[in-house]
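Participant: What follows is each chain in one-letter form.
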Amino acid sequence: MRRSDLGEFEEVVLLAVAALTPKAYSVAIAEDLEKATGNTITTGAVHAALQRLEDKGLVNSYMGEATAERGGRRKRLFSVTPAGSRVLHQVRTIRENLWSRILPHALPKVDLAR
Amino acid sequence: MPPRPPQWLDKILEWVCVDHLLEEIQGDLHERYSLRVQQVGQQKAKHLYFREVFSYIRLSNINRPSSTKIFTTPMFTSYFTIAWRNLSKHKLYSAIKIGGFALGIAACLLIMLFIRDELSYDQHYPNKDRIYRVVGLFNDNGEIERDVWFPAPLAGVLKQDYPEVELTGRINPSELFGAGSNQIRRADVQENSYEEGFTYADQSLLDILQVPMVYGERKHALDKPNTIVLSKSKADKYFPNENPVGKLMILNNDEKTPLTVGGVIEDFPANSHLSYDFLITMTGREFWEGEQAAWNNSNYHTYILFKKKIDPAQVQNKLLSILDSYYLPSMKKNGVPDPENILAKASFYLQPVTDIHLKSDGIHDSLTHGDIRFVYIFGAIAAFILVIACINFVNLSTAKSANRAKEVGVRKVVGSLRGNLINQFLAESMLFSFLSFVAGILLALLLLPYFNSLSAKTLTIPWQAWWLLPGIALSAVVIGLLAGFYPALYLSSFKPIDVLKGKLSRGSKSSLTRSVLVVFQFTTSIILIVGTFVIYRQMNYIFHQKIGFDKDQVLLIQGAHTLGDKVKTLKNELLRLPEVKHVSISDYLPVKGTKRNGNGFWIDGRKNIDKDVSAQFWQVDENYLQTMGMKLVAGRNFSPQLASDSQAVIINETMVRKLGLKDPLNQRVFNWKAWNVIGVVEDFHFESLRDSIQPIVLALGNSPSILSVKINAGSDMQQLLQSVNKVWREVAPYQPIRYTFLDESYARMYDDVQRTGRVFSSFAILAIIVACLGLYGLSSFMVEQRSKEIGIRLVLGASVQNIFGLLTLNFVRLVLISFAIAVPIAWYLMQKWLEDFVYRTEVSPGIFLLAGLAALSIAIFTISYQAIRAALTKPVNNLRTE
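Chains A and B, in that order, are what the protein sequence lines are.
With UniProt numbering, the residue at position 102 of the first sequence is 102, and numbering never jumps.
With UniProt numbering, the residue at position 125 of the second sequence is 125, and numbering never jumps.
Calculated directly from the structure, the hints in this document are not laboratory data.
Since this is a predicted model, take the numbers as computed values, not measurements.
Any given hint could be a false lead.
Unchecked claim - Partner residues are not named here, just some residues of chain B that face chain A (Cβ under 8 Å, in silico):
id	residue
1	H30
2	E31
3	L35
4	R51
5	A713
Unchecked claim - Lysine-lysine pairs mimicking DSS-like chemistry, simulated, CA-CA at most 25 Å apart:
id	chain 1	residue 1	chain 2	residue 2
6	B	K400	B	K44
7	B	K406	B	K318
8	B	K406	B	K874
9	B	K89	B	K658
10	B	K46	A	K35
11	A	K35	B	K44
Using N, Cα and C, we set each Cβ at its ideal position, and we do this for glycine too.
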């Protein structure tokens, strides 16, 4: 699987799946990402990303239990596959590699608290 | 209870999304909604929900394949296995469904063949877009008369005066000049044969039409005097296996002027407006002195081939100058009163050759025409039959829904998706559609000969056409899908829990549509039944109307003009036979297809004062009136003893009226010379009963081609024909006798009426069958729906009659409504049809009553099968599941 096949949003969703397992499903991921980024994230967008990830074999899914808020409907739960895990690790390695090579004053200073 | 999001958005989602994704998507949406209501309040949550829903409307959610595949080969075979089992389980029902559909398809196919043939007329000429026929228009006080007979020199003038014209050609198909039918033989044999399909034609006509040649050169086939061109089939008959070009043929025993065969053409195809077997050249021919230059008699059809890139509409307007420069001088010379006024009403129209077959309504041109209106009507009927058949098919499928509901329920519980069920029902409908198409085509093949006699055509199914089989297969698929779509959606929408609990969906919502369908079908049926009755009554009227002459027991011996003077001998010999009462020699008979001769008449001495009365001027002999059984109302018959009778005429009552004669017997009438009126004959019909009786003038004269023989009633026909044949053989040893009977010729005049009658009755039968199938489907549907009600009624003591009444009453009401709608429409249509006839029967209320009763009893008969069956079932069968 080529890395370039993983989009930026997909990467974030894949990480969220990993973070939220074993309770990773569209709504939880969308809520999480919305909180983290401050932007409105629709479940539709997350759902689409998950579908793509599943097509690429990076996640698995199965139907979970039903809840009252869902009107008695079941949810689809996701977990990362070995292939997904490998991709995540690769991405992480590349990023960390790059971070470690940045010289101390190469980046302009920003106030991260703002 | 969690808060509910806006429902209409959910509906959109349900409608758009594939079934297998709906659960998780809707669950996600609802959960998020309830979270949002807590976080930001209901108002904002609704806004966001809208965005959420639309974020799901993506192609991947609309057509994403399920992990359980709908189309797999074993599943596909299973669909057809199940469909086949269903079909063979309900044999009668399947037969009705397939039979009805097949009938519709067969009818549709035949009508399409008919339309295709009608539209193919005259499409085969290489220059068809440049070939036109000249039509004369005469505006008779608002009524436009159209006419294609023109003077001989017109063609020459068109070519010479108009540079746009490339070629002009004429034909003269008039019997008066010897076209039509003749005796012909090879110059080296004695025996004559009788042939039809003669015409006089110009060499240029062959060039215009680019008639394909078998022998000879087209350019020179008719360019020499006394040449003749034969069709291939006739050439094969007279000159088998040889090239006849240059050989001689003898026409009507006229050995002094033999005809040289100039060429052989391919037979005119059946879809050509012209169809002649013998073309005699006009080169060097003049029927009387000055005829070819005369503008005062019109016997020629004129065709034009325009040069390329010419707009005939512009030439058409320029043609008006012909009236002034050629017609006017001729009319003035002949003393026609007020010629400018007459010519002001005349104009020309150029008719494309491809329009001649279908768009020549009202033009009398000695051709048999189609009618563009029939093409439209038949096309509409074909579409109508197909739609009705499809609707019946749908109805019959949904009618069995109760039976299938349980199957649907069980399938769904076991895990079938709606898509699977839809596919299954579509597969079933496809199977039915294909079987129906096969049956329909077989039926069409079977009915083709009958249809051909009905439409007077020789149609065949064009198997060799590349598009036919794929076209039929495609139609089968499309119609199968269309007809199966509604039942598939309807049946697959059953909720398993309702079905398995025993709750049947009522389906009464669509009962209005069903009723309208029944009314529609029965209205058409009743209209067609009334039409059939009226047409047969008119036929009956035609054959029993007093027609002014006695058409029975008259033998017509044809083709006697070749005998020359011996025709008198023949007459005398025939009179010696004991069975023969009278014999008359005259070609002018009161039936269609015999000779006609129109003349303008005046009272003697008023020629340049009055407008002429156009009358038939017939040459007869002194025995004509007795032979035909016509009655004199005044004066006397011709007498051969009186030499002065060669100047005498007998006129009919209409002529007396038209000329306004007070005392006809002492008057003289004038056409080109003056005639003494010696008698007045009672009006007799000599044309179709469509037209009123026209004025007629009978004079003694020589017209020797037909002998009419009046036979004593009660004679032995067989023996008489033998003796007549013997007499003929003696007089004319080299010519086969040809005879017919006057009453047969009379009947032949109304062939088209009889054909219309047969067309109507065929369509009536078809409409009734289709309507009955629809009714059968509906009644079985209704019985299914009401089976529990019927069961309860039976338990509570209802009689079989009660149930029968209950079930039929509704349909009887529908048929009565149809009757009420059909009566005015049928009355109007048949009144219109009868207007074609000046002499006609009237549309009486009895006909409507009879048609209504027929429709009603057929309807009740159809329903009664289901109704009686329902009333006789044991109630326990219907109620045991409760």
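Participant: Take the hints in turn and mark each one as holding or not.
Facilitator: A quick look at each hint next to the structure:
| no. | hint | result |
| --- | --- | --- |
| 1 | H30 | 5 Å, holds |
| 2 | E31 | 5 Å, holds |
| 3 | L35 | 7 Å, holds |
| 4 | R51 | 6 Å, holds |
| 5 | A713 | 97 Å, violated |
| 6 | K400/B x K44/B | 50 Å, violated |
| 7 | K406/B x K318/B | 79 Å, violated |
| 8 | K406/B x K874/B | 21 Å, holds |
| 9 | K89/B x K658/B | 76 Å, violated |
| 10 | K46/B x K35/A | 20 Å, holds |
| 11 | K35/A x K44/B | 17 Å, holds |
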